[in-house]
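Colleague: In the order they appear, the protein sequences are chains A and B.
Following numbering that gives the first Met the number 0, the numbering of the first sequence begins with 0 at its first residue and continues without gaps.
Following numbering that gives the first Met the number 0, the numbering of the second sequence begins with 0 at its first residue and continues without gaps.
Heads up, a few of these hints could be off.
Unchecked claim - EDC-like cross-link-like pairs, simulated, lysine to aspartate or glutamate; straight-line CA separation at most 20 Å:
#1 A:K153 <-> B:D455
#2 A:K304 <-> A:E252
#3 A:K216 <-> B:D346
#4 A:K304 <-> A:E284
#5 A:K33 <-> A:E64
#6 A:K254 <-> A:E307
Claimed, not checked - Pulled from the structure, derived: some chain A residues nowhere near chain B, Cβ distances all over 10 Å:
#7 D48
#8 Q112
#9 G178
#10 R187
#11 K221
#12 R230
#13 I245
#14 G299
Keep in mind that the hints were calculated from the coordinates and are not lab data.
Here a beta-carbon is modelled for each residue, glycine too, at the ideal position from N, C-alpha and C.
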Amino acid sequence: MKTFGRLLAAATVFATGLGLASQASAQADDYPTKRVTIIVPYSAGGATDVLARQVAQGLTEKWGETVTVENRPGAGATLGTAQAARARPDGYTLFMGQVSSHGIAPAVYANLQYKAKEDFEPIVWITEIPNVMVVPEASQANSVQEFMEQAKGKNVSFGSSGTGSSIHLSGEMFKARTGLDMTHVPYRGSGEAVPALVSGNIDVMFDNLPSAMPQIKAGTIKALAVTSAERDPSLPDVPTLGESGIAELEGFEAKSWFGLLAPAGTDAAIVEKVNASVNEVISGETFQSYAMNNGATVVGGSPEKFEEFIDAEPRQVGKGRRRRRRARRVTSFARRCLGSASALSYVRGDIPMSDTSVEAGGAPVARRSMRDVVFGLATAAVSLVFALVVIPAFISVPASVKAAPLSPAFLPYVLTGLIGLLGLVCAAQALFGQGVPKEDGEGFDPASGWFWKALLVLVILAAFCWLPESFGTLPVAIFAMAVLLVIGGERSWMRGVAVAILVPLFVWLFFTQVAQVPLPEGPLEELIAL
Amino acid sequence: MMENIGLGLSLFFTLQNFVAIGIGVMIGVVIGSIPGLTATMAVALALPFTFSLPPVTGILLLVGIYKGGIFGGSISAILIRAPGTPAAACTTLDGYPMARRGEAGKALQMALYASCIADVISNLALIFLAGTIASFALEFGPPEYFWLIAFSLTIVISISGSSLTKGIISGLLGVLLSTVGLDLVYGTQRLTFDNFNLMGGISYIPLLIGLFAIPEVIEFYVQRASPLNVSSSDKSRVSWAEFKRCLPTIVRGSFIGVALGSVPGIGATAASFLSYGEARRNSKTPETFGRGEIKGVAAAESGNNGVAGATLIPLLALGIPGDVVTAVILGAFMLQGLTPGPLMFQDNIDLIYALFCGMIVASIFLFGSGLFAIRYFARITDVPRHILIPLVLMFCVFGSYAVQNQMFDVLIMLCFGILGFLMARIGMSTPPLLIGFILGPLFEDNLRRSYLIANDASVFVRSPICWFFIAATALSLFIGLRKEFQSARAARERAAAA
Numbered sequence: 000m001k002t003f004g005r006l007l008a009a010a011t012v013f014a015t016g017l018g019l020a021s022q023a024s025a026q027a028d029d030y031p032t033k034r035v036t037i038i039v040p041y042s043a044g045g046a047t048d049v050l051a052r053q054v055a056q057g058l059t060e061k062w063g064e065t066v067t068v069e070n071r072p073g074a075g076a077t078l079g080t081a082q083a084a085r086a087r088p089d090g091y092t093l094f095m096g097q098v099s100s101h102g103i104a105p106a107v108y109a110n111l112q113y114k115a116k117e118d119f120e121p122i123v124w125i126t127e128i129p130n131v132m133v134v135p136e137a138s139q140a141n142s143v144q145e146f147m148e149q150a151k152g153k154n155v156s157f158g159s160s161g162t163g164s165s166i167h168l169s170g171e172m173f174k175a176r177t178g179l180d181m182t183h184v185p186y187r188g189s190g191e192a193v194p195a196l197v198s199g200n201i202d203v204m205f206d207n208l209p210s211a212m213p214q215i216k217a218g219t220i221k222a223l224a225v226t227s228a229e230r231d232p233s234l235p236d237v238p239t240l241g242e243s244g245i246a247e248l249e250g251f252e253a254k255s256w257f258g259l260l261a262p263a264g265t266d267a268a269i270v271e272k273v274n275a276s277v278n279e280v281i282s283g284e285t286f287q288s289y290a291m292n293n294g295a296t297v298v299g300g301s302p303e304k305f306e307e308f309i310d311a312e313p314r315q316v317g318k319g320r321r322r323r324r325r326a327r328r329v330t331s332f333a334r335r336c337l338g339s340a341s342a343l344s345y346v347r348g349d350i351p352m353s354d355t356s357v358e359a360g361g362a363p364v365a366r367r368s369m370r371d372v373v374f375g376l377a378t379a380a381v382s383l384v385f386a387l388v389v390i391p392a393f394i395s396v397p398a399s400v401k402a403a404p405l406s407p408a409f410l411p412y413v414l415t416g417l418i419g420l421l422g423l424v425c426a427a428q429a430l431f432g433q434g435v436p437k438e439d440g441e442g443f444d445p446a447s448g449w450f451w452k453a454l455l456v457l458v459i460l461a462a463f464c465w466l467p468e469s470f471g472t473l474p475v476a477i478f479a480m481a482v483l484l485v486i487g488g489e490r491s492w493m494r495g496v497a498v499a500i501l502v503p504l505f506v507w508l509f510f511t512q513v514a515q516v517p518l519p520e521g522p523l524e525e526l527i528a529l
Numbered sequence: 000m001m002e003n004i005g006l007g008l009s010l011f012f013t014l015q016n017f018v019a020i021g022i023g024v025m026i027g028v029v030i031g032s033i034p035g036l037t038a039t040m041a042v043a044l045a046l047p048f049t050f051s052l053p054p055v056t057g058i059l060l061l062v063g064i065y066k067g068g069i070f071g072g073s074i075s076a077i078l079i080r081a082p083g084t085p086a087a088a089c090t091t092l093d094g095y096p097m098a099r100r101g102e103a104g105k106a107l108q109m110a111l112y113a114s115c116i117a118d119v120i121s122n123l124a125l126i127f128l129a130g131t132i133a134s135f136a137l138e139f140g141p142p143e144y145f146w147l148i149a150f151s152l153t154i155v156i157s158i159s160g161s162s163l164t165k166g167i168i169s170g171l172l173g174v175l176l177s178t179v180g181l182d183l184v185y186g187t188q189r190l191t192f193d194n195f196n197l198m199g200g201i202s203y204i205p206l207l208i209g210l211f212a213i214p215e216v217i218e219f220y221v222q223r224a225s226p227l228n229v230s231s232s233d234k235s236r237v238s239w240a241e242f243k244r245c246l247p248t249i250v251r252g253s254f255i256g257v258a259l260g261s262v263p264g265i266g267a268t269a270a271s272f273l274s275y276g277e278a279r280r281n282s283k284t285p286e287t288f289g290r291g292e293i294k295g296v297a298a299a300e301s302g303n304n305g306v307a308g309a310t311l312i313p314l315l316a317l318g319i320p321g322d323v324v325t326a327v328i329l330g331a332f333m334l335q336g337l338t339p340g341p342l343m344f345q346d347n348i349d350l351i352y353a354l355f356c357g358m359i360v361a362s363i364f365l366f367g368s369g370l371f372a373i374r375y376f377a378r379i380t381d382v383p384r385h386i387l388i389p390l391v392l393m394f395c396v397f398g399s400y401a402v403q404n405q406m407f408d409v410l411i412m413l414c415f416g417i418l419g420f421l422m423a424r425i426g427m428s429t430p431p432l433l434i435g436f437i438l439g440p441l442f443e444d445n446l447r448r449s450y451l452i453a454n455d456a457s458v459f460v461r462s463p464i465c466w467f468f469i470a471a472t473a474l475s476l477f478i479g480l481r482k483e484f485q486s487a488r489a490a491r492e493r494a495a496a497a
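Let's have the full structure, built from the sequences with the hints guiding it.
Modeller: Given below as structure tokens:
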């Protein structure tokens, strides 16, 4: 009987496997048999979305099965991309990839939830869009050469649609190649940046051609050059940056691109089929005229062509970063908490590179300076003193409060303790941690991330916890803190001032305002009495 | 000129244009009234349908949806305290108390009247002053924006409810929450705690739904004795006297909407709160605001609908989209091979006039379909609360999920629901949090941009616009605070006398 059961089980498994296998081959033949979804990592109405809907409409007509577009926006396209990477690779979930998800994000963000290469199967490269170097109408410069001459020795601001966008990246590449003194001024979307350019609030921008086109046509901004390797048919009189006659800009190429991908593991036959269908759709008249109107060049071609292109992409923007990411993976948990480089590593001589700002052409952009180390040590010292003052307050919780750890009276002690612990963490961070690189690419901010984040959260919590007596002053202090932190991000002396004002202010507030709340029997009162 | 208008009219008067506007407005009202489905989303989803339509028809369809959507948001805001669109958040402040009092029909009517009047004023501003306003809007650089936002932030005083300090804390909390996510300038992560979902910041609509609608749900279940249903099928209508009393508020709100709408990037939500704050400050009985004051509804709705026509000013006159909706509409223009901007006024003037006609017709359609919708929607308050409340909860979950198709957003909605409930319990009003959340990033971005472009604090006083808003901010602070202190003192004296 037992044997029979086993046989039966084996047969079932086998039959199931067989069924699955035959299903798999059938899948490729009559694909698609149900609705196909294209994930777009941006909200509806953007350039990527409109493109995806064009393709979806064409595919629906061709296949007779509905192809829908699903918008999964957020976190600079990385959220939707991560979701697409995790989708079932059956060909019914496709992804509209673009320069952000597969070119820039992998180079810029450390904690991505997907691997641009390993998690995706390229299907077809659809279009590409050049960027265009534009200046306000009132600008004296009429060519790149004139622009360079006027910009020499001056600080020039360039706008973008956001940090990490292709517009930002083109600007950074230009800055790195020419060595001009340029400040990046990010906006939220081209729609905000273009008016700033028109009115002359920013000096130059490397906008995507379609979003700059109306203003170029209207004559409110001047196109100096396109960033592609060849001239664009919609602006035949505008030279490429490579043609501009500046030696440093020869071979300059930066552009945005769009293409269809599938989750890794999708049947090759399905990929082939989708590729063929999309190629047909994009060579059709409707799509061609759409592309024309939007200043986009239709590319098309085989999956291999697209794969080769994507493979080349991340190396263009962040060669050094990948190596570092691999190195980071082997670091221990503790080191990851505190960061992978430290003030001590400066002393040892292995100088870390930037972790967050975009590097153009793989050039190192930030170095730790002696001043930063001194500042870091000072922060560590302040934090330590702070911790040593506050922690005793936590340790000496009165027995009556200890007996009821869930009572409201216990919360202040917990928070106090946390603030104290935070002081310790900050000290460690400043000593061993990896700071945040500064905007100008010179030096690190030693008291990075955790210090401010955690302190702000705890201060807010503390403020709420000591309601209502501590009203009035604390929120104002928090706001002052926020403002000072914001301003403090720009210049190191400002940061110094911010810390110099905030730490005493916080300590003072803590002991005068917060601690005056009558505690059951408080160690804080003893402290104040001291 | 007359010839152009004639051309425009002949281009406009076709049956399909009227059908497109009618359908658009109705779709807008329905989608707008569902929490989580915003006017922006509806416009974006309708975009592909415009590909095959003639330019005027297609764009009027989108404009109709937009206008309908902004009004539609107020329906659920008034009835179930869940703003259908972000711009309707302010309408909940007085609209919902009115509905709880059995005056849902009246509140909805006033919302409709205010919306339509503001819409017409906004359209007229677009038609007659587009060029002037647009060139003025271009004068706004980062420092000017900074002061404009600073001025707008002073409305926190007006919407703080019983305690000013608590209102300010609430506002600051909103500012703090708005910093979550990728930092604009450096791209570093702030307050994300390495959580991938927080990288894009806290989603706006889940926060909104959670903060406003969920506390009502919790409150209903927490209270032992549930309050009786108040029937709204009474003949609660806006009387002529009430309308006359509200008219100045509506007109003021419309102009605030037009002003904020024509500057790219500020939006309808801020406009409605600013209008509300102004209405309360100019009122002789500010204490009635927040407790079902019909002027509050009028102010909020005129503020946000005043934006609707005005956002098209920078789009048509300069080719610059002021918000996401107009960006989609710009896309529709481009797909038709048209580029909005000064050139369009030269090359396609007939089209522009046809559009203007259509927008006025859209206002009339909005009025008609609004009256029709109100009659049925107002009945919602007759549904017994023990049935209505679970439905509201369901809509809240659905609405939060629908924004990005993510469960994380539902979690955010619930967290903010609990926060909103706790804040209500300690008498801290939630609207300042929302204002802080909306204006915080604008405030910070423009502050930092100003420093980036100038490296010098003198940039903040560089133009007359700066000085104007500095003065306005100072004045607003002074008057607002004095009024608060006065009323606080009066209350203390009353208490002492008693």
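Colleague: Kindly indicate which numbered hints from before are broken by the structure, ordering the numbers from low to high.
Modeller: 4, 7, 8, 10
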